[in-house]
Amino acid sequence: MLSQVIFGVVLVGAVALFVYHIRLLNRTLKIGRPYALEGPSSAHWMQMLRVAVFQQRMMDRPIASAAHWVIYVGFLVINIEVLEIVIDGLTGSHRALAPLLGSAYNLMTVSAEVFLALVFVAAVIFLWRRNIQKLPRFHTAEMRGWPPLDANIILWTEIGLVSALLIMNAADFILQTRGVPPYVQAGAFPVSSLLRPLFEGFSDNTLIAVERAAWWVHILGILAFLNYIPFSKHLHIFLSFPNTYYAPLEVPGKIPSNPALTPTIKEALGLPLENGTAQHSGETIPLGAKDVTELSWKNLLDAYTCTECGRCTSVCPAHLTGKKLSPRKIMMDTRDRLEEIKRAYHKTGHWEPDGRSLLGDYITPEEIWACTTCNACVRACPVLINPVSIIVQLREHLVMEASQAPESLNVMFTNLENNGSPWALPAADRAKWIEA
Amino acid sequence: MPGKTLSAWVSEGTKPEVLYWVGCAASFDDRAQRVARAFTKLLDKAGVTWGILGTEESCTGDPAKRAGNDFLFQMLALQNIQTLNAYEVKTIVATCPHCFNTLRNEYPQLGGNYEVWHHSQYLLHLIQTGRLQVDGAISPDGVVVYHDPCYLGRGNGEYEAPREILRRAGAQLREAPRSKDFALCCGAGGAQMFKEPEPGHKDINIERTEELLALKPDRIAVACPFCMTMITDGTKHAGVHGKVPVQDIAEYLAQRLGLI
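The listed protein sequences derive, respectively, from chains A and B. Just so you know, the first sequence maps onto residues 1 to 436 in the working numbering. Just so you know, the second sequence maps onto residues 437 to 696 in the working numbering.
These are calculated hints, taken from the structure and not from any lab test.
As a list, the in silico DSS-like pairs of lysine-lysine whose alpha-carbon atoms are at most 25 Å apart:
no., chain 1, residue 1, chain 2, residue 2
1, B, 481, B, 526
2, A, 233, A, 30
3, A, 290, A, 347
4, A, 342, A, 290
5, B, 652, B, 638
6, B, 526, A, 254
7, A, 254, A, 290
8, A, 254, B, 616
9, B, 672, B, 652
10, A, 290, A, 233
11, B, 631, A, 254
12, A, 30, A, 342
13, B, 481, A, 432
14, B, 638, A, 324
15, A, 290, A, 324
16, A, 324, B, 631
17, A, 233, A, 134
18, B, 652, B, 679
19, B, 477, A, 432
20, B, 477, B, 440
21, B, 451, B, 440
22, A, 290, B, 631
23, B, 451, A, 432
24, B, 616, B, 638
25, B, 440, A, 432
26, B, 638, A, 134
27, B, 451, B, 481
What the simulated footprint calls covered on chain B by chain A, stretch by stretch (three residues with Cβ under 8 Å from a Cβ of chain A suffice, anywhere in the stretch; the number is not a length):
no., stretch
28, 511-525
29, 628-636
Only a predicted model underlies this, so the values are computations on that prediction, with no experimental measurement involved. Cβ atoms here follow ideal geometry from the backbone N, Cα and C, with glycine treated the same way.
Please model the complete structure; the sequences and the hints are all you need to start from.
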């Protein structure tokens, strides 16, 4: 009874803490500017189904894709067993689903066991690629300190969690064959039964202790891990879904213009304003972004969704030729800056400048000026994150607000203004190619 | 048929089938001008009437926008839209993927709605509708490797039209390791064309050209005036300038048809 109470309190507390942090995250996203979803919602659902649920873009890299599928499906399958653990923990039952599912229970335990083994192997493959094979994309400049530690914590935790379940099942299986109550015959254990020789010599009481310890380690591990996720790149397991839903449906070539600027420009050009278009509203028109507060909430959601896989950086032409730009770093910096300011923001409910900013303190002009806007990073991202959007908004701040464009670009702007061409060549010569 | 401006067409009381959006590169750059001439010869051959804006055309605003000057972009765009709408332009063909992308995707927000084609798409359309006759014989020019422009490929999802034109013109196509969705940029996009590259260990166009040359092509085909400049410079750097010609797909086709 006592253990049921303890279990109940820990479960409710852990879930409540997780919900609190997710709600906080939702409020943090509201620090960003509005973002309008365009296109029919059915198309957004389809996009989410394709990209997040069916992981279409993961397939670009088959080995990572296969291992990722295993962990993804394994997570879903093993969760059925976790459901049983929760029921058992709250009611004091043992393998509560067995009588309910009847013969289907064997199917459940067998699939869980198979996936436990597969997830174990997949996590080892991921650890191998990261730490022994040392894939270059996991070892760029921004991947020092916390980010690689975070990744390894996640993988070792997954190995720990599946190991605990396998040990639990192995001990349970032996107790079942010995007929020790309450360990009634239930389920089939093709993988953990292989561990039998390890525990065969143990007494009934030791086995019960092992089984109980593994049970507690597993469920407490899951609840701890759940509350680790809001502070980790592992947030992608939840945020991939909204992020792919809210991602624009348009081709990546399109970069939207700031509609707030249009009336002013039309006025300057002497063009008629459309009916209902507000002239000068008196508000200052935001020009680009210097800090996370000036990015859209979708840009901020992108940043929290990033799992730092580095596919973007590994295909970035600027990065590949030794420039400072790394699209992954753009996303990580955006998230880290947001994390830095969110506490102060939530305390007062509004944003007071702290003398620091995303552009300058996190991202340097050299990085954003190296971008060719080729969209290779956008195409490479398995969850539709768009680093180019942030890069262009930071450039807009440098150019339109701070007047800090590179000199050669200022020359180009002047040519465009004077000649309607990026070069200092007269418009009168535009048709000369025909005569030659 | 010599090229005519829309104002000339209008003064004759008629209108051409398409507006050819020349773009700044083909207006002023010698090499890109040759592409414009090849393309318009193909239009003539197919019996397509075409006009240009001439002195009334100005930059679409692509480099301004991507360099962070949305203000200047909107100024240029709104002026162009005013001109295009005054002529009641319906169909535009561009030989530059940057112009194509901007006209097609970014002008509607500012009130410019047109049917916009990249010349690879339009030429293929002319072939498919039988207006341009191309025999499928293998070209004596041998192996061709096609370099995807970012704003045609990834930017707008058009990978097949330029390849299909090359195939129909008899080219033996060879694909670069990084092609289509994962093609490597030539290094010119995002206004890089108009500035020095940031510090690094290599220029992007060198990296890309080396990759293309490793396939031992007889020719490199491009579909963008900026790629043309960057890849041509890359072949100079590799010491094969002239030996491995860099050609626009329109030039390749026009040559096969004996037009240039």
